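A.B. asks: All chains should be built: construct the whole structure from the sequences, respecting the hints.
From first to last, the protein sequence lines stand for chains V and S.
According to my numbering, the first sequence is numbered sequentially starting from 1.
According to my numbering, the second sequence is numbered sequentially starting from 1.
Mixed in with the good hints there might be a few duds.
As the list claims (entries may be wrong) - List of simulated lysine-lysine pairs, BS3-like, C-alpha gap at most 27 Å: (1) S/268 - S/181; (2) V/268 - S/357; (3) S/340 - V/357; (4) V/357 - S/357; (5) V/129 - V/67; (6) V/245 - V/384; (7) S/3 - V/340; (8) S/371 - V/357; (9) V/371 - S/357; (10) V/357 - S/256; (11) V/3 - S/327; (12) V/381 - S/357; (13) V/129 - V/63; (14) S/381 - S/371; (15) S/116 - S/340; (16) V/327 - S/381; (17) V/340 - V/3; (18) S/348 - V/268; (19) V/268 - S/371; (20) V/348 - S/348; (21) V/3 - S/348; (22) V/256 - S/357; (23) S/381 - V/357; (24) V/181 - V/28; (25) V/181 - V/268; (26) S/381 - S/348; (27) V/348 - S/3; (28) S/268 - V/371; (29) V/3 - S/340; (30) V/348 - S/268.
Keep in mind that the hints were calculated from the coordinates and are not lab data.
In this text the structure is predicted, and so the values were computed from the model without any measurement.
Protein chains: 2
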Amino acid sequence: MSKLVPPHGGKGLVIRLLEGAERDAELKKAEGLKKIEISAQEKGDLIMIGIGGFSPLDGFMTKADWKSVCENFTLADGTFWPVPVMCSVTDEDAAAVNVGDEVALERDGEIFATLKVEEKFSLSDDEKKWESEMVYKGNGEDSEKFWDVALEDHPGVQMVMARGNEYLAGPVNVLSEGDYKTNPKYLGMYLRPAETRAIFEERGWSTVAAMQLRNPMHRSHEHLCKIALDVCDGVIIHSLIGNLKPGDIPAEVRLKCIDTLVDGYFVKEHVVQGGYPLDMRYAGPREGLLHATFRQNYGVNRMIIGRDHAGVGDFYTLFEAQEIFDKIPYQGEECPDPGKKLLCEPLKIDWTFYCFKCDGMASMRTCPHGKDDRVILSGTKLRKALSEGAEVPDHFGRDEVLVILRDYYENLTEKVEIKMQKAASGQEMK
Amino acid sequence: MSKLVPPHGGKGLVIRLLEGAERDAELKKAEGLKKIEISAQEKGDLIMIGIGGFSPLDGFMTKADWKSVCENFTLADGTFWPVPVMCSVTDEDAAAVNVGDEVALERDGEIFATLKVEEKFSLSDDEKKWESEMVYKGNGEDSEKFWDVALEDHPGVQMVMARGNEYLAGPVNVLSEGDYKTNPKYLGMYLRPAETRAIFEERGWSTVAAMQLRNPMHRSHEHLCKIALDVCDGVIIHSLIGNLKPGDIPAEVRLKCIDTLVDGYFVKEHVVQGGYPLDMRYAGPREGLLHATFRQNYGVNRMIIGRDHAGVGDFYTLFEAQEIFDKIPYQGEECPDPGKKLLCEPLKIDWTFYCFKCDGMASMRTCPHGKDDRVILSGTKLRKALSEGAEVPDHFGRDEVLVILRDYYENLTEKVEIKMQKAASGQEMK
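C.D. replies: Here is the structure:
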């Protein structure tokens with residue numbers, strides 16, 4: 001029997017990805033169906049549903065699920081779930097589709113799934129505003145203040161408000177994983193939940209921690225992983241390889257940094273590297289919960305949650321993504337149906353940094369020294385130094401990783417310069 | 001309701017220490033009872049029973065308990081317990097005492113307890129040999145090889161075999177805590193389980209780790225505590241302040257080292273310092289289990305178990321004290337009565353050291369580098385360097401602690417030299 005945490009929802013891994021002859025037949029059928037264009041986020045969600053990463057979801061949410069998720073952190077049936085997973089369509093498409101229809105979901109000319117329409121529903125702008133507040137507003141933040149800046153500054157809210165008002169709900173059959181498995185830029189790191197589970201089991205692990213990454217892996221991330229390594233059987237360094245904000249560092253550079261760091265500074269038998277196909281939702285604390293939820297499906301039972309996990313600008317307090325784990329349903333109480341409860345627990349770790357007096361990495365919980373003794377590691381600060389070609393302070397990062405990042409930023413600058421020269425000389429900018 | 005782990009045994013803290021008028025009356029009665037001289041170990045056990053540190057024990061074990069503890073790691077009633085806690089008496093005393101009698105237990109002229117004799121029993125030399133093998137022999141060690149060296153080299157076995165063959169069992173009323181609360185050399189660090197629980201509760205802790213110390217606190221101990229601090233609400237640095245082997249460093253020096261280290265390198269609000277009144281049993285892995293068992297009574301639910309925890313010479317493999325936690329009753333299975341199960345779990349941590357390439361403290365689980373990159377921290381090595389006045393390598397310890405230890409060893413050397421001079425000049429040696 002597996003010693004790993006069971007998938008979320010009590011139904012095992014709910015796999016909706018078709019393969020082989022089944023896929024071929026479904027694809028053939030799909031080509032004859034009405035086509036609906038999906039967003040990048042929906043594409044990522046579909047692949048996750050396909051590979052069981054979003055178990056027990058078997059498709060896109062109904063309005064009852066949407067309402068319950070926003071309000072209670074559960075699906076309508078009471079199963080814990082932290083964020084809406086929905087299929088938005090244009091008014092025209094909605095008008096052309098009836099409950100009971102099957103439609104094909106495509107993006108950039110590729111059919112990603114078929115959807116059996118079980119429900120068609122609308123969300124008014126007010127309902128989308130309500131969703132935005134429920135999902136994206138920081139704990140204790142004033143509603144009025146939130147709206148003063150949310151539309152301008154919160155990419156998650158922007159995505160919700162940019163969505164249409166019409167939605168289709170129902171189970172999907174997923175037909176593609178995009179190029180995650182085949183494109184060499186992902187270094188073979190894209191893994192399905194069944195694959196990570198098989199690796200963990202082969203290694204005999206039962207306590208598995210996950211490190212969430214959407215930025216290059218810095219020394220503070222390394223330290224979080226190492227704290228987890230000392231108290232768990234193993235760690236998966238698990239990178240978002242879907243879409244980020246413009247200006248963020250692309251997956252291939254980030255994966256190369258991780259690979260280099262693992263190569264030089266980790267004991268390989270205790271570490272697994274992986275990538276998952278989602279886009280960032282920029283949902284702050286709720287996104288932290290989503291990270292734990294799908295990690296449970298990957299076989300992880302300890303989700304590392306550090307300082308400002310999945311943070312967005314100044315929308316959340318530094319440890320709000322830790323605190324939210326104490327506020328969700330079924331925590332600290334008997335759950336009548338353990339399948340409904342989130343079983344992947346947070347591994348809450350404080351702000352970490354290098355401290356000269358401690359003579360090593362430390363955290364606010366372990367180090368009593370002052371600001372002047374510490375080299376505070378922040379991705380933002382490092383990004384600034386590297387993109388300006390400035391010196392990076394000692395102990396701030398690992399040299400081998402800084403080389404990769406410096407190289408990336410130098411090329412970026414060169415590209416920008418070339419573009420600017422071309423623009424100046426009248427050539428078209430791409 | 002307390003968020004702390006309940007005391008072991010399901011009966012709350014079983015307190016047998018009398019105080020105030022009750023104590024005065026019992027002491028008066030005791031002075032008229034037959035006096036029995038107890039060993040240093042029995043004195044420590046009595047104080048632990050008195051203050052609830054050995055809950056649910058209310059006195060010394062019967063032969064059925066002894067047998068079950070040795071064989072099954074449980075009292076006769078099925079409650080987990082790792083080592084015998086017995087009252088040995090001389091043949092003469094045994095002959096003079098009958099079941100139903102009350103006797104007074106004294107040491108160095110002080111009455112420590114009264115014992116209501118519920119059972120009188122004998123252990124043959126063969127039974128004591130059996131106990132020695134069950135309790136002290138390393139896992140997988142050959143019985144013959146064990147006995148080749150045990151009598152010579154194993155202080156735990158020596159104590160068992162030096163015990164008499166007659167025993168008294170029954171509940172006790174404890175009348176004294178010795179000088180632990182009053183002697184300034186303990187720096188006020190002796191705390192009862194009810195006291196540590198009150199401190200933890202006041203601080204709102206629920207996950208509390210304990211660091212066991214019987215040697216000066218070195219940097220590797222500090223690192224273990226800090227790993228625990230990053231993942232628990234708090235840590236108690238809990239020193240044995242009873243008797244050790246001759247040549248070990250006395251409690252007052254060890255407590256001063258800890259105090260200095262906590263002062264300079266810990267965030268005080270997350271740390272409690274404490275002392276407990278037991279002697280070392282030198283029982284290796286079984287002693288590790290005892291450490292967890294009584295820590296549960298102190299309110300601790302994570303017992304830090306590092307490399308060679310409670311090790312004795314070469315009798316045990318380096319991580320045997322971690323592995324034994326997987327072999328005791330009720331682990332990984334439903335226990336029909338949770339009171340019977342050990343609820344304080346091990347926090348297993350690998351061999352730790354300073355690594356130049358990692359640029360800080362690391363463990364075998366986190367550091368992939370080689371021997372030459374590491375400063376391996378061993379108490380034995382440090383003791384040797386300090387007692388010979390040799391240099392201590394960089395990163396090996398904290399300067400403030402090394403000063404205290406150097407000072408201790410220098411005075412020790414001076415004392416030895418004075419003794420030798422006195423001996424040479426014909427003065428009596430003390």
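A.B. asks: The structure should be examined with respect to each hint, and the outcome stated for every one.
C.D. replies: Structure-based check of each hint:
no.	hint	result
1	S/268 - S/181	holds (22 Å)
2	V/268 - S/357	holds (16 Å)
3	S/340 - V/357	violated (45 Å)
4	V/357 - S/357	holds (18 Å)
5	V/129 - V/67	holds (13 Å)
6	V/245 - V/384	holds (17 Å)
7	S/3 - V/340	holds (24 Å)
8	S/371 - V/357	holds (25 Å)
9	V/371 - S/357	holds (25 Å)
10	V/357 - S/256	holds (20 Å)
11	V/3 - S/327	holds (17 Å)
12	V/381 - S/357	holds (24 Å)
13	V/129 - V/63	holds (15 Å)
14	S/381 - S/371	holds (16 Å)
15	S/116 - S/340	holds (25 Å)
16	V/327 - S/381	violated (49 Å)
17	V/340 - V/3	holds (19 Å)
18	S/348 - V/268	holds (20 Å)
19	V/268 - S/371	holds (17 Å)
20	V/348 - S/348	holds (18 Å)
21	V/3 - S/348	holds (18 Å)
22	V/256 - S/357	holds (20 Å)
23	S/381 - V/357	holds (24 Å)
24	V/181 - V/28	holds (22 Å)
25	V/181 - V/268	holds (22 Å)
26	S/381 - S/348	holds (23 Å)
27	V/348 - S/3	holds (18 Å)
28	S/268 - V/371	holds (17 Å)
29	V/3 - S/340	holds (24 Å)
30	V/348 - S/268	holds (20 Å)
Comparing the model with each earlier hint shows violations of hints 3 and 16; every other hint is respected.
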